[in-house]
Structure formats: structure tokens, C-alpha cells
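Residue numbers (our numbering), protein chains in the order written: chain B, 638 to 1158; chain P, 161 to 380.
FYI, nobody ran anything at the bench for these hints, they're computed from the structure. Check the hints yourself; a few may be wrong.
[What the hints assert, rightly or not] One side of the interface only, derived from the structure: several residues of chain B facing chain P at Cβ under 10 Å:
hint: 1; residue: Leu667
hint: 2; residue: Val906
hint: 3; residue: Ser917
hint: 4; residue: Ala921
hint: 5; residue: Lys925
hint: 6; residue: Phe957
The beta-carbon is built from N, C-alpha and C at its ideal position, and this holds for glycine as well.
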Amino acid sequence: MSDPQPELTHEISDGGIAAKHPPTPEVAGLVGPATGSELNTIRAGIIPVACWRLEDLRFEFDSSFVNPSVEVELKNLEKLVKDHPPTSKSAGKPGFPLSVFGHADPIGDDDYNKKLSGRRATAIYALLNRDTDLWEKLFSQPLGNDRWGKKSLLTMLDKVSPAPPGENNEQQAAQHEQNAGKRKELFLKYMDTLCGPELKLKKEDFLGHGDDANGKGDFQGCSEFNPVLIFSQKDQTRFDRDKDKTERNAANALNRRVVVLIFRQGSRVDPAKWPCPRASEGVAGCKKRFWSDGEQRRSRRLPDQPRKFDETKDTFACRFYHRLLISSPCETILPMIRIRLFDRNARALPAAPCLVMQRGKAPRPDRASGTFQGKTRDQKQTDEILSREKLSDEKQSDEKQDAFIIVRDLSVPTSVTVKWSRPKPGDNPASPLPALTDEFEFKLDVVIDIPADQSEEASLTRLTNMGYVRGPSRADDIREFQRDYKPRFSDIEIDGTLNAATKNAIQKVHDECDPVLKDVN
Amino acid sequence: MSTYHTVVQGEHLSSIAAKYGFKSYKTIWDHGQNAELKKQRQNPNVIFPGDRLFIPDKGDKEESRNTEKRHHFRLKREKLRLRLVLEDLYEKPIANAEAILHIENTEFKLKTDGKGKIDQEINATDEQALLTIRDPQTPINEIVIPIKIGNLDPVDKISGQQARLNNLGYFAGPLEENNEEANQEMFLSAVEEFQCDQSLTVDGKCGPNTQTKLKQVHGC
Chain B
638 MSDPQPELTH EISDGGIAAK HPPTPEVAGL VGPATGSELN TIRAGIIPVA CWRLEDLRFE
698 FDSSFVNPSV EVELKNLEKL VKDHPPTSKS AGKPGFPLSV FGHADPIGDD DYNKKLSGRR
758 ATAIYALLNR DTDLWEKLFS QPLGNDRWGK KSLLTMLDKV SPAPPGENNE QQAAQHEQNA
818 GKRKELFLKY MDTLCGPELK LKKEDFLGHG DDANGKGDFQ GCSEFNPVLI FSQKDQTRFD
878 RDKDKTERNA ANALNRRVVV LIFRQGSRVD PAKWPCPRAS EGVAGCKKRF WSDGEQRRSR
938 RLPDQPRKFD ETKDTFACRF YHRLLISSPC ETILPMIRIR LFDRNARALP AAPCLVMQRG
998 KAPRPDRASG TFQGKTRDQK QTDEILSREK LSDEKQSDEK QDAFIIVRDL SVPTSVTVKW
1058 SRPKPGDNPA SPLPALTDEF EFKLDVVIDI PADQSEEASL TRLTNMGYVR GPSRADDIRE
1118 FQRDYKPRFS DIEIDGTLNA ATKNAIQKVH DECDPVLKDV N
Chain P
161 MSTYHTVVQG EHLSSIAAKY GFKSYKTIWD HGQNAELKKQ RQNPNVIFPG DRLFIPDKGD
221 KEESRNTEKR HHFRLKREKL RLRLVLEDLY EKPIANAEAI LHIENTEFKL KTDGKGKIDQ
281 EINATDEQAL LTIRDPQTPI NEIVIPIKIG NLDPVDKISG QQARLNNLGY FAGPLEENNE
341 EANQEMFLSA VEEFQCDQSL TVDGKCGPNT QTKLKQVHGC
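Please model the entire structure based on the sequences and the hints provided.
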């Protein structure tokens, strides 16, 4: 009988995962004795012992600017680093060095994605090191959509020095936009706030020891070369056809990640020999390290199924990265559910304060994505107004990626209880989280993993998720849905039964998170 | 009585010679009946399970000398050695470091030289060993490495390629028990990494060029 595996700890959060790698299989050195001049070379290998993955959702859309919510994942990184102390915390002895790998999705060309993924890796490396000069570079040299701009300054200010109620940080942000010195101070404060005092690294804590001025060995971008998920041909065709790329971008989010690896204590690379090119360089160095069938690996599509790294272990083009991550818990795809929050009139609620309760976990306060710019009213006022005015006059949110919360680490099927309230004007991702003891306006038990069919059970579950639970009977709930949606789906009969048209409508509205209601006349 | 001996894993010419009571492996290795095997294997220390060796008669050895003179006969004992070169990432020698070598029941406290080499005389029948390096500047500091002397297969065998790649820090498997596919892939990626680092054609096939290079870089 072999010895039991040591306890592997995984910390899974909505924005990432922190984990230890399983130990490499023990292999004896098989050697030949010498009767002449023979010898046997025994060389140490590059072996990661732990990993930390940060999801796309912690960055601004298509940007290298990191959102305040990354605090959660940084806490987990802090624990991991504590278990594997870096050089700067090891009193002169070599520690466990880190290296940062940024990844992009396959949209856009290889070179653009190399730069973009490099910028995200740079941002994280700099964050951990408090390198405000690198952040200033990212800020003042935008690339494509990665433009930090005043919006990022506002987010940072709202986090480190929130404005008193009734005021805002707009003026401050404008000042910081003009003043590089002030910006530098703000960057540092923001970094310190997000990381906390314990998670503070130095150049020598990374795999290249900061020996290379541009971070070779310490941080790098892998462009789009190592996807964890490759769409099926069917999905790709659908995405290509759709003018609205929201769904495609959401599905690709898993590929847009940053992975930090922690290596064996005492490991140190010679930047000149490290195979990965610098974050700022092009793709030639990467392509040299491709598998002989690398192009196939990263781009081949199956007709109906997606290809996933954690199922087939063959989606990475870069052989070097593949070998480092082959047994890593960090490149698995964990079920991730996006729940969109609406009020009773099916208007999306960006930045809605909420409380998420999963079985077996502590209740978690959160805020839905996006910023709420609308007017504040209570539900009664809204009802009255709506009965008089057209809905289209109320612009609450037209951002398709707003008002979402993400729930992970589920053993699906399961249900999650969400409590939420409408946001106040100006609420945004940096606004304070609600307290566990707050009163919330709405509450719903959301069932997750509804079978993708239209069985009666599945349809009723979807109805429940959409809030059609007020009864007195299910037939009444169905009738209410039918009344609400007949203007949009004209073939619905309002008869309180789950006829085919109704079931289709229920599935479409639920699965697309887009319950646009008719205008009230 | 002469006989044939079929090699099993862990054996090499010196251990076989000792087994049959020969003082020198050369008596067997240089015998005409073994010429073909000798040509094929070349290194008497790296032979393969299944190889058939002709073991000649341990007859009296004849030496002619002039009776009027005094002669010295010295019994030449073949010395067998274990020679290891320890390196960090990217061929950096682990130089002048403490090394503890446990061979069967004996412990040797050694020091690697400027090139990371240790060179220890061993008995012909020694097989199991443990190596521990003390050098905090390397990732193998204080790690106990099991060593199996005489278990290295020839480089034209996959097991021999795998063993050398593993020794050189390119983990080549096996990765998982009962997962042939994963193990194959692990081996393939190790071959390609080696080929890439050595500027050979990267095709994942450990052909003659790759084998020659592998033998050269590994040392045997």
C-alpha cells in the first residue's frame, strides 16, 4: 500500500483559486557504474509546488487594471506565500520563488494578445512588489482597450478614501489625472490596501531574482497560446454570427486569467536561459517552445463539444508551460454560475448590495457588477410611476455585463439563497459591502443546474428563479409569466399551463438573463 | 564449465564477473563469444535485461617467465567507481557542496568538486544508494535522492532514454500508474524539451541524433 497523499489545500473563491501542487512522482536516479571515464549527470529540474489563479473578473473589462474585489484572492495568496516563505522573509536563506504568467483569450491576434497578457502579468507583479513605476507605465501607455484612464483613478480613490455621502471623488480623480506624483501616491495606497501589510514582496522573491531589468523569469505574457477552453465549432459559428459579442466574451473569460506559480525552495533561473520572452517582447520566443503540434493543440475545434484542458490535457500550445501546469489544480475549470439581479419590474440592478448563502459556507456579502447611475425610489413609487410612464424613459442600466454576481465552488446541482436590495445612485464596485445583519428587499432561493431540457420540473424551476412564486397556485404563476411575456412572444396562450410556446419562452428568458419586459402603457 | 548468463535488471559486467568468481570483467567482456554483444552495447556498465553473456571457464591462467630471474606478480583488482556530476538548473554545477552518499550499508561523507562531481569507489555488487546534497542555493538541497547502480539501460532503449532524461531534470515519467496515455505524453514532452534546449530538430522522436546527444550530455 502506498502512503496516503498529503492534504492538498484548495482555496476557491469567486475570482480564483489557490492550491498546492501534488508532489512529483518519486523517480530513482538510474545510473551506470564506471570502469572507465563514464559519468552520470544529475540535474535539478524546475518544479512548481503551488499555484494561484486570478480570473478575468477581477480585472476591468479588457484591461490590466485590477478591481478592488481582488482583495479576496490576495488574502488566499497571502496564505500560500506564508506556507512557502519567499527569500525576503527567510532571513538570508533562499525562499520559494514566484513567477507570474498572464493569458489572453483567442480574440485578436497573437501579438496583440502577447502584449495584453503581458500587461496583466506586469500589473500583478507590480502590485505584489509595490512597483508604482510599472503601474505608471501601464497608465500612461494605453494599449487598445486597455486604457486605465480617469475611471481607474476614481475606483482607486473610492477604495482608499471614499467620499462623504452626497459627495464624490470626481474632482480628486481629475486632479490625479493631471499629476503623476499624486498618482504614484494613490497607486501605492491602493496596492497597500488591496494586499495588506503581510503580502509585500521584493524583486529577489521571484524566479529571476529581478536580475533582468524587464522581468525575464519574473513575469511574462503567454498571449492566447494556452487556452483552458476552446469553443466547439457549433458555438464558434454562432458567436461569429452574433453581432453582440457579450455571450462570446463571457464564455471566453475563463481563458483570460493570470497564474502565479511558486517553485521549489532554492530555485533560481538565469534570465538568459529562461525560455519565456519578456512581457514586453513579441511571440518568437514563445513559438520556439511550442509542441511540434502546438498550433493544432491551441486551435483545433470539435464539431459539437468544447475542448477543455482539464479533460484532455492537450489544449496548450506551449510545451514548457504545459509541463509546469500538467498536474496543477489551478488549470481546472470550476463550475461558475452567473446570476443576474433584477427588481420586481425586471430591471437589472447594477452594484446591488447582496448576501449570498451557500450550504456549508458562511454567508457572503457582495455587490453585483457595474455602476448604478439611476434615480433612487422605493418599490411602491416605482410601481406607481411605471403604471403611468413608459419604461423606456427609465435608463437604469444598458450595460449587458452589469448586475451580475458570480458564485463558484459548488457541487452542482444545488441551490443558493440570494438576498438583495436595489442600489443607491452612485453605487459601484468599490462601494462598501452590506453587513450580514442588513435588511434586504428581495430574497430568492436560486436553483442551480437545471437540466437543459423543458421538462415540467425544469420549467417550473426556471419560473421560480425568475421570481414567479407568489401563487396562490403554480398555474397562477404561469399565468403571470404568460401575461408579462405575451407581448414579446406572441404565440403564448394565457391559460396557466406549460404549453410549448410558454416553455420555450421560459427557457429563453431565464437562460439568457434578459427578461426585458414590455413597455407599460 | 563454461555457461551462458542471461542479464537481469541491475546487473552489469562487473557484478556478473564477481558473481562467477572472476577478478576482472574483461575476461568475460573481451571473450570472442561476446564480441557481437560488446559491439552492440559498447559500455560494459550499461547492458540490458535479456542480453546473453558467454561465461568462459575459470581455468588456470598461464604466464610464461624466465626461470632464472625473480618476478613480481601483482594481482590486479579491477576498481569499480560511482561517478556522479551534480548540476543545478541550466547546467550550473553544484560545486564544493557537502554530499552524503549511502551505498548499501556504508555512509560516505563527500564533497563535490568544482564541477559538481563526486567519484567514489564501490564494490562490484553494490546496487542501492541514497544521495543527499547540502547546498541551500539549490532546489535539491536536503532532498534524499534514491540511486540504483547498474539499472541504467542502453540509450537505444526507451527505458534508457527515460532514465537519462529524468536524471537530467526533464521529468519523463511515469506520471501516473495505469495511465499509458499520460505517461507517453510526459515522455514525449521531455524528449521535445531536451531537443529544443540542445538545438536539435524538435520532433519528439528519440532517434539516433537525439540518442547520441543524450548519451553525451548525460555522460554514459
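Checked hints:
Interface hint status for Leu667 of chain B: upheld, as the beta-carbon distance to the closest one in chain P is roughly 4 Å, under 10 Å. At its closest, the beta carbon of Val906 of chain B sits 6 Å from a beta carbon of chain P; the interface hint therefore holds under the 10 Å criterion. At its closest, the beta carbon of Ser917 of chain B sits 23 Å from a beta carbon of chain P; the interface hint therefore is violated under the 10 Å criterion. Annotation: Ala921 of chain B was flagged as interfacial toward chain P, and the flag is violated, the nearest CB pair being 14 Å apart, outside 10 Å.
Look at Lys925 of chain B: its Cβ gets to within about 7 Å of chain P, closer than 10 Å, so that hint holds up. With a least beta-carbon distance of about 7 Å to chain P, the hint placing Phe957 of chain B at the interface is held under the 10 Å criterion.
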